[in-house]
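K.L.:
Below, each chain spelled out in residue letters.
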Amino acid sequence: MAKMKLLLVRSKAGFLVKSFAKYIASDEVDLIEVDPNINAINAVVDGADGIIVYAGFGIEEQKDVIVYIKDKVIEESLLLFLIEGDYGIEDTLSLLTSQSVTHIFRRPVDIKEAALVIRDYVEQDGRKSKKTILVLDDSGAMLRNLKSWLGSKYVVVPANSGIMAIKYISRKIPDLVLLDYEMPIVDGKQVLEMIRTETEFADIPVIFLTSKGDKETVMGTMALHPQGYMLKSLSPSEIVKNVDDFFERNENEKKQKKI
Amino acid sequence: MNKNQIPEQIEGIDVQAGITNSGSEEIFLRGLVDFYKLIENKSSKIESCMLEGKVRELIIEVHGLKNTARMIGALELSEKFKKVEEMEGHFDDEEIFESTDQVLAYYKSFIDILKPIADSDNDEKKHISKDDFISLLTTLKEAMDDFNLDGADKTMKELNSVVIPDALVSGIKELDALVADVAMEEVINLTEKLIKESASCF
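Those protein sequence lines, which keep their order, are chains A and B. Per the working numbering, the first sequence runs over residues 1 to 259. Per the working numbering, the second sequence runs over residues 1001 to 1202.
In case anyone wonders, no lab produced these hints; they're calculated from the structure. Computed from a predicted structure; not experimentally measured. Heads up, some of the hints might be wrong.
Cross-link-like lysine to aspartate or glutamate pairs, in silico, EDC-like; alpha carbons within 16 Å at most [said to hold, decoys possible]: (1) B:Lys1157 x A:Asp91; (2) A:Lys63 x B:Glu1142; (3) A:Lys3 x A:Asp46; (4) A:Lys172 x B:Asp1145; (5) A:Lys167 x B:Glu1174; (6) A:Lys167 x A:Glu198; (7) A:Lys63 x B:Asp1132; (8) B:Lys1045 x B:Glu1142; (9) A:Lys12 x A:Asp46; (10) A:Lys167 x B:Asp1145; (11) B:Lys1157 x A:Glu33; (12) B:Lys1154 x A:Asp91; (13) A:Lys167 x B:Glu1185; (14) A:Lys63 x A:Asp91; (15) A:Lys70 x B:Glu1142.
Model the full assembly from the supplied sequences, consistent with the hints where possible.
P.N.:
So this is what it looks like as structure tokens:
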């Protein structure tokens, strides 16, 4: 397998950065240290598989660099790791999107452990990244709760309308769409029709979220091939389990097809 | 009251049910704050539906509030919203509006109930320049456009910590409610409007 190329964006090559670089370099990983400067990053980012941002020493003040990294990560589907430095990480995080960050290492950071975790990610067969779930519901409370419940395992992207959902899908295809069946203006069924009529979106898995009593109506829309439905009255742990089970079934089906 | 503490008892709310339905104390507390922020906004919307005779739109709002109330353990309120929702197709518009009006009065009573938990007006606010203020609004707009809810929340929290020109107070309050509700397009549109208005307010 070809070496994975990772960029380490840091302001200062101090003791911690040098130690980190030492732990992460391996037969499988080619680590390139680079200053937090757009031109410098641009010169080496081609062919990179991921970027590690050591968010210390004022790097969080360089908003244009962070935004550039965010755009690159999304465009090229790169891994992005953040290591919290002396001044916290919240300013850096506010410039990034939840779907762009692969893993955050919060203080106090065990540099050796962080390096091992990152190497684990890159040494898997192919690139390992969190599944992205687009959640579509007109209730802000429901969107926030789903993000909280699912957010530790998955990248959860909220959208409160069909229009916003299509806008997101046009930028990046999610691994799953959780779709509220009953919404004003454009309901879940209409959104699913919109998704299914676009060739490049047609295969996106969709699971309906529905209230009790809507089950019969949802069953009537199975002709649009949603992957199933979940009742909103399920407990948070049941909802997480349903999503976990869906991805597990999906992976097993893919493996079966390869055989 | 320390706004990070959950009271053992909250009038109209089954705290244990709210924590169970939300999944954790932290999510429950956040849910209470967001619920509080939206009471005026949602009540106005429902009242508009009644004045304009829009039953379907009213029922959709009531449906959403039924679920939200259940999530924070406001079970009696949730049940009242559910009864209104079930009236559609079985009662005439006037009867639905009459019932809705009664439920709205109870819903609005949660403003006073939740204010001590949710209101952070006691925190001292700092003064910032017009450019920094516009920068915050721009960051909020971009966060919503990027589907970055965490970034939007953080920026809204910062906006709530600064002194707002009088002319923009109601706009920022509305923005706070819209962010709480994850009303993405509305946030984007309102931030654009507030950015323009900011030019003459500092």
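K.L.:
Confirm or reject each hint.
P.N.:
Against the structure, the hints come out as follows:
1. B:Lys1157 x A:Asp91: 13 Å, holds
2. A:Lys63 x B:Glu1142: Judged against 16 Å, a Cα distance of about 13 Å means the pair holds.
3. A:Lys3 x A:Asp46: 14 Å, holds
4. A:Lys172 x B:Asp1145: 14 Å, holds
5. A:Lys167 x B:Glu1174: 24 Å, violated
6. A:Lys167 x A:Glu198: The given pair, whose Cα atoms are some 13 Å apart, holds under the 16 Å limit.
7. A:Lys63 x B:Asp1132: Holds, because 14 Å separates the two Cα atoms, which is no more than 16 Å.
8. B:Lys1045 x B:Glu1142: 26 Å, violated
9. A:Lys12 x A:Asp46: 23 Å, violated
10. A:Lys167 x B:Asp1145: 9 Å, holds
11. B:Lys1157 x A:Glu33: 35 Å, violated
12. B:Lys1154 x A:Asp91: Satisfied, since the Cα-Cα distance of roughly 9 Å is no more than 16 Å.
13. A:Lys167 x B:Glu1185: Satisfied, since the Cα-Cα distance of roughly 11 Å is no more than 16 Å.
14. A:Lys63 x A:Asp91: The given pair, whose Cα atoms are some 9 Å apart, holds under the 16 Å limit.
15. A:Lys70 x B:Glu1142: Cα-Cα ~13 Å, so holds.
Hint violations for this structure: numbers 5, 8, 9 and 11, all remaining hints satisfied.
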